[in-house]
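Counted the way full-length UniProt numbering counts, the sequence shown spans residues 1 to 459.
Just so you know, these hints were derived from the structure itself, not from any lab. Just so it is clear, the structure is predicted and the values come from calculations on it, not from any experiment. It is possible that part of the hints are untrue.
[Said to hold, decoys possible] Derived DSSO-like pairs: lysine-lysine, alpha-carbon spacing no greater than 30 Å straight-line:
no.	residue 1	residue 2
1	Lys259	Lys221
2	Lys352	Lys311
3	Lys432	Lys398
4	Lys414	Lys365
5	Lys186	Lys150
6	Lys259	Lys150
7	Lys123	Lys259
8	Lys221	Lys150
9	Lys414	Lys311
10	Lys186	Lys221
11	Lys291	Lys221
12	Lys432	Lys414
13	Lys357	Lys346
14	Lys186	Lys291
15	Lys346	Lys123
16	Lys432	Lys352
17	Lys311	Lys221
18	Lys357	Lys414
19	Lys123	Lys291
20	Lys432	Lys311
21	Lys348	Lys358
22	Lys358	Lys432
23	Lys311	Lys259
24	Lys357	Lys123
25	Lys358	Lys414
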Amino acid sequence: MMVVRWCLPSRASPHQTQTAAQPQHSPPSPRQQARKRSRKHTTKNTRASLKGSHAPGDRNNKWSRIQSLMREQRIGVLALQESHLTEAHLQLIHSLYGRRLSVHTSACPDNPNSKGVSFVLNKECTNVRDVKTETLVPGRALLITLPWHKDLSITILNVYAPNDHTENAQFWLDLAACWNGRTRPKPDVMLGDFNITEDAIDRFPCREDHAPAIEALVALKAQLGLGDGWRQTNPEARAYTFSSPGPGSSSRLDRIYAKDQIVRTAYDWDIAETAVPTDHSLISVHINDQKLPYIGTGRWTTPLFLLENTKIVEEIEQMGRHLENAIYASTAHRTLDDNPQILYTKFKREVKELLRKKARTSVPKIQITIANLQRQLLALQNSIANTADEEAAHMESKLIRDRIRHLEQRRAWKAQRTTAARYRLEGETVCKWCTRTPTCVKKNERGVLRLPLPPPRQN
Numbered sequence: 001m002m003v004v005r006w007c008l009p010s011r012a013s014p015h016q017t018q019t020a021a022q023p024q025h026s027p028p029s030p031r032q033q034a035r036k037r038s039r040k041h042t043t044k045n046t047r048a049s050l051k052g053s054h055a056p057g058d059r060n061n062k063w064s065r066i067q068s069l070m071r072e073q074r075i076g077v078l079a080l081q082e083s084h085l086t087e088a089h090l091q092l093i094h095s096l097y098g099r100r101l102s103v104h105t106s107a108c109p110d111n112p113n114s115k116g117v118s119f120v121l122n123k124e125c126t127n128v129r130d131v132k133t134e135t136l137v138p139g140r141a142l143l144i145t146l147p148w149h150k151d152l153s154i155t156i157l158n159v160y161a162p163n164d165h166t167e168n169a170q171f172w173l174d175l176a177a178c179w180n181g182r183t184r185p186k187p188d189v190m191l192g193d194f195n196i197t198e199d200a201i202d203r204f205p206c207r208e209d210h211a212p213a214i215e216a217l218v219a220l221k222a223q224l225g226l227g228d229g230w231r232q233t234n235p236e237a238r239a240y241t242f243s244s245p246g247p248g249s250s251s252r253l254d255r256i257y258a259k260d261q262i263v264r265t266a267y268d269w270d271i272a273e274t275a276v277p278t279d280h281s282l283i284s285v286h287i288n289d290q291k292l293p294y295i296g297t298g299r300w301t302t303p304l305f306l307l308e309n310t311k312i313v314e315e316i317e318q319m320g321r322h323l324e325n326a327i328y329a330s331t332a333h334r335t336l337d338d339n340p341q342i343l344y345t346k347f348k349r350e351v352k353e354l355l356r357k358k359a360r361t362s363v364p365k366i367q368i369t370i371a372n373l374q375r376q377l378l379a380l381q382n383s384i385a386n387t388a389d390e391e392a393a394h395m396e397s398k399l400i401r402d403r404i405r406h407l408e409q410r411r412a413w414k415a416q417r418t419t420a421a422r423y424r425l426e427g428e429t430v431c432k433w434c435t436r437t438p439t440c441v442k443k444n445e446r447g448v449l450r451l452p453l454p455p456p457r458q459n
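Based on the provided sequences and hints, a complete structural model is requested.
Here it is as structure tokens:
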């Protein structure tokens, strides 16, 4: 899977494409219409290989996990390969998840149950109006142009290259021909399952891939002006997105290429495991508007869930009573080190330290375990070349990835069970959980709200 966590900088010129047909839904409410008017300046893009569609109506199917993943991680654009979506599947997905997701797909005309590339758009953080799609190679390459912020738009190419080396090389030549003498806009981002690696470091054991296929891909990249953002950000790092079963090889087949101006401002190039049942890792990036000024991390605030912890509230109240007694005692003998202002400053500092400590210990154990395994995996992958027994180290890294994937699926299953239980208790009732609304977005400012007043009457 590939994700683009969103924002696109380039201005795409108008081009001849077809707008993907979408099933009819009920008209959006005024709140939904207002939410669509404003979109974020950044977006998260992702890529994933589904390897099968599964039944969308099943509670534990892949599409249920996909919509949960996009909601939790605020993913704007998700690119899928091997989606295997038929028209019936597409209609069912929109009927079940159409409130949050918009799916655009290109299926194999001869066999819709094989191949297939798709884009999944998150309606909560992506403008899905006037989206244009064009199939370049049926079931293999899909081009999409999305409106973004103000007059900006972004063009993304989703590819699923053939596994055969000869067909792989011809695929890149066919794609390059799509821009020969055409007014079709060049993609700002190209992502997908390339089924080859450019460098030996991207495979284990290290080896060069099929030379004609690499040359054809490099020529296409040069023609489109694209570069491997993850490799430019991590020039010496080792990471893999696909591993063969057993003690086989591993490779970074899934990549995100982008234009230089995008790579310079993009961040969080990541390869991670997810709860979505797939044999490939999820790769993602945050794409940022180049015109957006630098925004820092901001100041620390108290996590809201701590305010619902009665033990913490009682502990802070006890600290407040001690503060009151200390302030009363300091009024009689006020000094530079013992006065109400100094005592109150000390109290605020102690409360902040207490809340930070409680916030760290309140993180679920499963998330702490996943974070520790991810750090262990990163260190192990980058030290494989310096390890005496490379095969054993590689096998250990595969076991860690499997462990992370299992924990992610377990965490998602628990969250799904909790949501289902709460819906049975409070669903369709007048309660805070059922009637809560998304955070209000800032509306576009208007310079003039009313006509100017008429001039005063002359006597």
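Okay, the hints, checked on the actual structure:
Restraint check for Lys259 and Lys221: satisfied, since their Cα atoms lie roughly 10 Å apart, inside the 30 Å limit. Taking the CA atoms of Lys352 and Lys311, the gap is near 16 Å; set against the 30 Å cutoff, the hint holds. Of the supplied pair hints, the one linking Lys432 and Lys398 is violated, its CA atoms being roughly 44 Å apart against a limit of 30 Å. Taken as a hint, the Lys414 and Lys365 pair is honoured in the structure, with Cα atoms around 13 Å apart against an allowance of 30 Å.
Proposed proximity of Lys186 and Lys150 is supported: the alpha carbons are some 20 Å apart, at most 30 Å. Between Lys259 and Lys150 the alpha-carbon distance is near 20 Å, which keeps this suggested pair within the 30 Å criterion. With a C-alpha separation of about 25 Å, the suggested pair Lys123 and Lys259 falls inside the 30 Å cut-off, and the hint holds. Proposed proximity of Lys221 and Lys150 is supported: the alpha carbons are some 28 Å apart, at most 30 Å.
Restraint check for Lys414 and Lys311: satisfied, since their Cα atoms lie roughly 25 Å apart, inside the 30 Å limit. Proposed proximity of Lys186 and Lys221 is supported: the alpha carbons are some 11 Å apart, at most 30 Å. Distance hint between Lys291 and Lys221 is fulfilled; the C-alpha atoms sit about 25 Å from each other, no more than 30 Å. Straight-line distance between C-alpha atoms of Lys432 and Lys414 comes to about 22 Å, which keeps the hinted pair within the 30 Å bound.
Of the pairs offered as hints, the one joining Lys357 and Lys346 holds, with about 17 Å between alpha carbons and a cut-off of 30 Å not exceeded. Between Lys186 and Lys291, the direct Cα distance comes to roughly 21 Å. Compliance with the 30 Å bound is thereby established for this hinted pair. Taking the CA atoms of Lys346 and Lys123, the gap is about 46 Å. The hint is violated against a cut of 30 Å. About 29 Å separates the Cα atoms of Lys432 and Lys352, which keeps this hinted pair within 30 Å; it holds.
Between Lys311 and Lys221 the CA atoms are separated by roughly 58 Å; this puts the pair beyond 30 Å, and the hint is violated. This hinted pair checks out: Lys357 and Lys414 have alpha carbons roughly 25 Å apart, not beyond 30 Å. Restraint check: the Cα-Cα separation between Lys123 and Lys291 comes to about 24 Å, which is no more than 30 Å; the hinted pair holds. Distance check on the hinted pair: Lys432 and Lys311 sit about 23 Å apart at the alpha-carbon level, within 30 Å; holds.
Between Lys348 and Lys358 the CA atoms are separated by roughly 15 Å; this keeps the pair inside 30 Å, and the hint holds. For the hint linking Lys358 to Lys432, the alpha-carbon distance of about 26 Å falls within 30 Å, and the restraint holds. Distance check on the hinted pair: Lys311 and Lys259 sit about 52 Å apart at the alpha-carbon level, beyond 30 Å; violated. With a C-alpha separation of about 36 Å, the suggested pairing of Lys357 with Lys123 is violated against the 30 Å cut-off.
In summary, the hint linking Lys358 to Lys414 is supported, as the alpha carbons are separated by about 23 Å, within the 30 Å threshold.
The structure does not agree with the numbered hints 3, 15, 17, 23 and 24 stated previously, though it agrees with the rest.
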